[in-house]
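Asker: Listed in order, the protein sequences are those of chains F and W.
The C-terminal residue of the first sequence carries number 359 in numbering that gives the first Met the number 0, and the numbering is unbroken.
The C-terminal residue of the second sequence carries number 128 in numbering that gives the first Met the number 0, and the numbering is unbroken.
The hints are simulated quantities; they were obtained by calculation from the structure and are not laboratory data.
Virtual Cβ for every residue (Gly too), placed ideally from N, Cα, C.
There could be a bad hint or two in this list.
Only pairs whose alpha carbons sit at most 30 Å apart, straight line, appear in this in silico DSBU-like list of lysine-lysine [as the list claims (entries may be wrong)]: (1) K316(F) <-> K103(W); (2) K340(F) <-> K103(W); (3) K126(F) <-> K267(F); (4) K204(F) <-> K295(F).
Distance ranges between label pairs, derived from CB positions [claimed, not checked]: (5) R338(F) <-> E126(W): 21 to 31 Å; (6) E302(F) <-> D67(W): 23 to 33 Å; (7) R338(F) <-> A46(W): 44 to 54 Å; (8) D20(W) <-> E315(F): 33 to 43 Å; (9) E75(W) <-> E302(F): 33 to 43 Å; (10) A19(W) <-> P324(F): 40 to 50 Å; (11) S11(W) <-> E302(F): 48 to 58 Å.
Short, incomplete list of chain F residues facing chain W, as computed with Cβ under 7 Å [stated by the list, open to error]: (12) G31; (13) S32; (14) Q33; (15) L222; (16) G223; (17) L285; (18) F310.
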Amino acid sequence: MTLKQTPLNAAHRAMGAKMVDFGGWDMPVNYGSQIDEHHQVRNDCGMFDVCHMRVVDAKGDGVRAFLRYLLANNADKITIPGKALYSAMLRPNGGVIDDLIIYFMTEQWFRIVVNAGTADKDIAWMKEQAATHAPGLTITSRDDLAMVAIQGPNARAKVWQVLPQTKAATEGLVNFQAADCGEYFVARTGYTGEDGFEVMLPKEKVEAFWYDLNKVGVKPIGLGARDTLRLEAGMNLYGQDMDETVGPLESGLAWTVDLKSERDFIGKSALLANPPSKKLVGLVLLDRGVLRGHQKVVTPHGEGEITSGTFSPTLEKSIALARVPKDVQIGDSVQVAIRDKMLAAQVVKYPFARNGKGLI
Amino acid sequence: MSNPTDLKYTASHEWVKKEADGSITVGITDHAQELLGDMVFVEAPAAGRKLAAAEECAVVESVKAAADVYAPVAGEVTAANADLDNAPEAINNEPYAAWIFKMKPDNMADVDALMDAAAYQAHVDSEAH
């Protein structure tokens, strides 16, 4: 199978990236040291090619009411133009189809950003639901747009250096808010636990944008550091920390699920009928080694499994997210099966690191 | 980095150095560390452990992945490099100096039969395609 390429493929190769197959996409995993790239984002800023992710525009009368029914989080929470909301999209049985971000632009236009690997099924599901519940809406996959994430304490200043015309419209953005600046859609969002922007722009302009950022000192960051940054920040990865076989309440996403209001949404009745028996917790390894996905976790309340594990460059310890029985508490001592050994770990509150600092 | 010509190599990407005292020193190649990326943990075999040829005997873990290290030949482990406990990144920085363990081979002819630098390079090139 031929791997799909983003418009930045040649730029990655020119910058010395090691390329890997990431869900069918030919993507940079690192350019040099993955740990250096991680610290670069926590301490200064770096840029990520996220062109493989998909931008979807939902337009028409009643778009808010449709999203209120489609998503587990409540679209009514966002009323200021540009404001964003993180949500899970569920099957009727409560399984997670995807996690996504919606941006409220006008009462006729919400922008949605979904994961790369799930984009086609997400759009098919949205269209299927719209056909029944909001036939006047248009759901458009914006394949004409590219996306770059610029993250780190100095990220916004670097973007303004390259795109000074966007500064007036974006310097007042609060966290999780976007501004539509003509060709550039600039959102103060990200997947690293640092300040920064995600910029959507026409595909044919993205390579020049990437090189311009590089010229003002923004370093390219690969998927390897993207994973350690998001895990330290306690952010789920679809396909690892949740998928269609589990619900949001066992995936650390209860804070995004509104079960209290009268509002009905797809999956709600299943969530109410099936209280979760498990939950997602953070782990820090006390012994030497590295936690990895699928390792078995033995707790005082039964067995669980690591969903994502890695070495945290900020904490210089191994950390993980694990799905464990619901009675497990923060502070509990657990054991993790790594090869032929049972190693000691502790249940901790996550995120593990944000805004340049370790929190454990 | 080119592969030193005074070393022997395995298909599983270990390098082997013959020492004057009849022991051998084992590490992983530059190609292997390059594939794995930033090293964060090394678990070396204990001295005294008897190993069969190609037996899994050590683990190196990078941020990205864990990889097994195999005994290049049959023999007995005589030492593990404790310096790697606190500085696993030495494998990235100096792969041919950052040894993982030493062993006494049962039969030195087994060591002589391993690949030389040129044969190993050909092996690496063939794996890349």
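Asker: Now tell me, hint by hint, if it's right for this structure.
Answerer: How the hints compare with the structure:
For the hint linking K316(F) to K103(W), the alpha-carbon distance of about 34 Å lies beyond 30 Å, and the restraint is violated. About 27 Å separates the Cα atoms of K340(F) and K103(W), which keeps this hinted pair within 30 Å; it holds. This hinted pair checks out: K126(F) and K267(F) have alpha carbons roughly 20 Å apart, not beyond 30 Å. As the CA atoms of K204(F) and K295(F) are separated by approximately 46 Å, the hinted pair breaks the 30 Å bound.
About 25 Å separates the C-beta atoms of R338(F) and E126(W), a value consistent with the hinted range of 21 to 31 Å. Between E302(F) and D67(W) the beta carbons are some 25 Å apart, a value that agrees with the proposed interval 23 to 33 Å. Take R338(F) and A46(W): their Cβ atoms lie about 20 Å apart, and the range 44 to 54 Å is violated. About 37 Å separates the C-beta atoms of D20(W) and E315(F), a value consistent with the hinted range of 33 to 43 Å.
Checked against the given bound of 33 to 43 Å, the beta carbons of E75(W) and E302(F), roughly 38 Å apart, stay inside it. For the hinted restraint 40 to 50 Å between A19(W) and P324(F), the CB-CB distance of approximately 57 Å leaves it violated. Evaluation of the 48 to 58 Å hint for S11(W) and E302(F) yields a failure: the beta carbon distance comes to about 33 Å. Against a cut-off of 7 Å between C-beta atoms, the interface hint on G31(F) is violated, since the closest Cβ of chain W lies about 10 Å away.
Here the hint on S32(F) is kept, as its CB sits about 6 Å from the closest CB of chain W, short of 7 Å. At a threshold of 7 Å, the smallest CB-CB gap from Q33(F) to chain W is about 5 Å, leaving the interface hint in force. Using the Cβ-Cβ criterion of 7 Å, the hint placing L222(F) at the interface with chain W is not satisfied: the shortest such distance is roughly 10 Å. For G223(F), the suggested interface contact is upheld, since its CB lies about 6 Å from the closest CB of chain W, less than 7 Å.
Given hint, L285(F) at the interface with chain W, is violated; its Cβ is 14 Å from that chain's nearest Cβ, farther than 7 Å. The interface hint given for F310(F) holds, since its Cβ lies 4 Å from the closest Cβ of chain W, which is under the 7 Å cut-off.
Violated hints, listed in ascending order, are 1, 4, 7, 10, 11, 12, 15 and 17; each of the other numbered hints is respected by the structure.
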